[in-house]
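Take these sequences, add in the hints, and give me the full structure.
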Amino acid sequence: MVRWNTYTTNALQSAFEVSDVQGKAMSEQEIQRNREILTRLIDITLYLARQGKAFRGDGESATSSNQGNFLELVQMCSQYDSVLRLHLDDVNDQTMGTAAGDAKMFLKTIDFECFLCLEIAITPVFEVTALASDALQNCDIDLSTAYSFVDGVMDTLSNLRTEEQFGKQFKSATEKAEAAGISIPTVPPSAKAEEGACKVSAKY
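For the sequence shown, position 89 (counting from the first letter as 1) is numbered 311 according to my numbering, and the numbering increases by one without interruption.
Be careful, since some hints might not be right.
For lysine to any residue, the following SDA-like pairs were computed, each having C-alpha atoms within a straight-line distance of at most 25 Å [unchecked claim]:
1) K398 to T261
2) K390 to E252
3) K398 to L382
It is worth saying that the hints were derived from the structure and are not from the lab.
Right, dumping it as structure tokens:
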């Protein structure tokens, strides 16, 4: 009887360990996928910002022929990029319902993603580069000091990409989005497991 109890205990423990490993592997895959999605959205955001183009369109309904530069670029890139295409398919699957409901939920997701890109990528980057640019325009600056400014910018940008700093920026961006009345997209049940692992919403 003792041997049987020991056997069942060990078997259960092994099963839990396997399940835990599988869960962590799935969580890591989801985190990597979401980072790839966010990287593409940030690239689109930076492109529009550099070109001085408006992000929103006059008509962003599902039937509109021009939904704005940001959304149109995302949809165009998704034709050639499987990561974005799967992301848009997921968004559409999560917002099944009436046509009006689909469009409304889709636009809420795009609103938040656009806001997130601005808060995480553009604002911190512009703050750092603007300070360095002002300093480098000083005609009296020597080469060594100029290199130190550039190194400082590169170090700051590298730090922005760390998981800890990203988590802080994401939390700040989420709070600002809520204060501005921008709805936070619902996290799919299958992605909730990673919330405890990285302290960042499982969607990203």
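So which of those numbered hints doesn't the model satisfy? none
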